[in-house]
Amino acid sequence: MSSPARSRSDTRPALTEVVAYRLSARSGAAGSAPRSKLGRGAVPGVLVLLALLPFAGIRIPGVLPSAVPVLNSIGMLEVLALCFVFGSVALGYDVLFGYTGLLSFAQVLYFAIGVYVTDIAVTVWHWPFLAAVGLALASAFAVAMLLGAIALRVRGIAFTMVTLAFAQAGYYLINDNPHNLTSGQTGLVMATSRLPAILVGVDHTRELYWLALAYLAFAYLVVWVATESVTGRVWQAIRENEQRVSVIGLHPAPFKLAAFVLGSMVAAGGGVVYLLVIGTAAPDAVASATLSVSLIAMVVLGGLGTRWGAVLGAFVYVYLQQYLVKLAQEPSFAQLPVVARDALSQPQFLLGLIFILFVLFLPGGLAGLGVRMAIRRHRRSEANAA
Amino acid sequence: MSTFTAIVISGIALGAIYFLVASGLSLIYGLMDILNFAHGAFLTIGAYAGLELSLHLANGGGPIGFLAVLLVAAVAGAAVAAAAEVLLIRPLYERPVSQILITIGLDLVVVGLLLGVFGSDSRQIVVPIWLTRATHVGSLSIPNGDFAGLAAGAVVYAGLGLFLKYTRFGLVIRAGAENREMVQALGIDVSKAFTFVFGLGGAAAGVAGLLYAVVFSGSLVGPTQGDQLLIFAFIVVVIGGLGSIRGSAIAGIVVGLVQVVSQYYLGSKSGWAEAGDISVVILLALVLSLRPGGLAGAKQR
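Heads up: the protein sequence lines correspond to chains A and B, in order. Counting in the numbering used here, the first sequence runs from 1 upward without gaps. Counting in the numbering used here, the second sequence runs from 387 upward without gaps.
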């Protein structure tokens, strides 16, 4: 047995770095604490700007993944809504992986439950929409409690493998099309007759966009409250050193289960919103191991254990994915050498490469980059003051 | 009854291939504590490399040709795996979670590259006619591919056992799995063993990728085949007990049997098309509930 109590915090900015940064921010010795530059109002401010975005008919050629290069075009709003959905799911996943140190692959299972149970209840059983959502959330909760309890019997890498197996079982089950419920690989298009009219159709993309944004804000609030609570502290303590937590006299198991269930519920809710935005459920899009890997990539790109980092990571990931697909269709793309064209035609290749570079050279993710820059700026201002 | 025997043999052959993949995973985990997600990529690269050679051989080149194809698959898997260890894993020795993450990234890149270069359609390996036929033993009819899978599994199991037990390098690996810090403290360069174990695992994975395609998917190879197989290899490793070669061998056969038998008897019913795969996950849940450490149950973290 070699060092069972090894720290698992290595993908975050070095602890000393964060402490130094926080201390310098609090003491305010040089008068310009880095925190004040980012501002406490940053999150609400960004939310307000995003909420107003559907009214901004600004033309930005070249960088938008939508067919029409206008900021509030329908394609663009759809991409952004998707960014919000995965931003919220990544946020829930960050509770699990970033805060508690549990590398789980089961997050997609709960996302898929949110998507499929709602879809089946509405489309196959003709339930009212809200009842369907209630059923989806209740099933996600029950499954998360059950599978969480089984998977958390093992720790570390075995836990990761078990969650992967469970998520795969869900994927196979959906492909199996039991009792003709899921339509298998074909996917299940949601019947819209039972939905509130305001959430149906291309005309209401703007409303769907706001719904997705509202859900992201809600998820952010929930995760914020949870991670700043006493439970949140225990999660981080478990991530740093689970043994020490038990030695102190706290039983880690219920805390880990709580993180597992919370992450799952956020994912299930995200699944419901996804279904409304996309309008169809397909196993490869919502339940595959590829999506699990994408979620991991999102939180790592953004910065593990930081809330806005997870959201930003999801944003960058989904945006790049959509943008690269569009880029591959440009006429100028055909003039590239064959090798480059083959590789770049697969967003997966480039995203994987970016992911590797981040893990190697920027383990704190985009959030860690922000912290580093803030520290550097702070040091410089201190030097100037002296 | 004869059908049942044939199914059991097929299950054991599948188990032997699972063992080929799982043995490498288990060795890597035992020595380095890394869950290697790129193992699926090594597997696919091995299969693709073998495929390229087989296309140049008339009728698959007969038995010698097929052995050459297997060898190329092994060498390709080993080369990529060893290179990955040196270039990507080595800079991260002090960061265990990042090591896992980087193998995930590597898998994404390799699969993306294969998809981009060869497309998402499966490609056909050219194999000797003999491999596609069956041998009749009494009333039994057993596909020759099953024998190839069984033989490869047995050779690797015996070879690994002898290597770990009787060579100096094997001793270093066993000692490193037991207590890495102590081995380092004795002045032995463990990083060589790390690269070696990756190469060894990659070789076994390459062979497994090629054999799985030949025996169980009509000689077809696709870019995501490795990842599909990898999930079952993970399950085998967990059921067998992390880090245990013998556990992986037993668990491989159990998982292969459960999958093939349940698939045969349940898979034909409507809505049960993936009964075999789901049974394996249920088996995993059962084993974990009864013995969280797996069958071998030594290492639990």
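Incorrect hints may appear among the rest.
[To be verified] What follows is a set of in silico ranges between Cβ atoms, one per label pair, in the way DEER data are often shown:
(1) B:PHE504 / A:PHE333: 52 to 60 Å
(2) B:SER654 / A:GLY45: 43 to 51 Å
(3) A:ARG244 / B:TYR479: 20 to 28 Å
(4) B:TYR479 / A:THR231: 28 to 36 Å
(5) A:LEU362 / B:VAL394: 49 to 57 Å
(6) B:VAL394 / A:GLY201: 53 to 61 Å
(7) B:LEU572 / A:GLN335: 52 to 60 Å
(8) A:VAL189 / B:LEU672: 31 to 39 Å
Note that these hints are calculated values from the structure, not bench results. Here a beta-carbon is modelled for each residue, glycine too, at the ideal position from N, C-alpha and C.
So which hints don't hold here, by number, going up? Hints 1, 2 not satisfied by this model.
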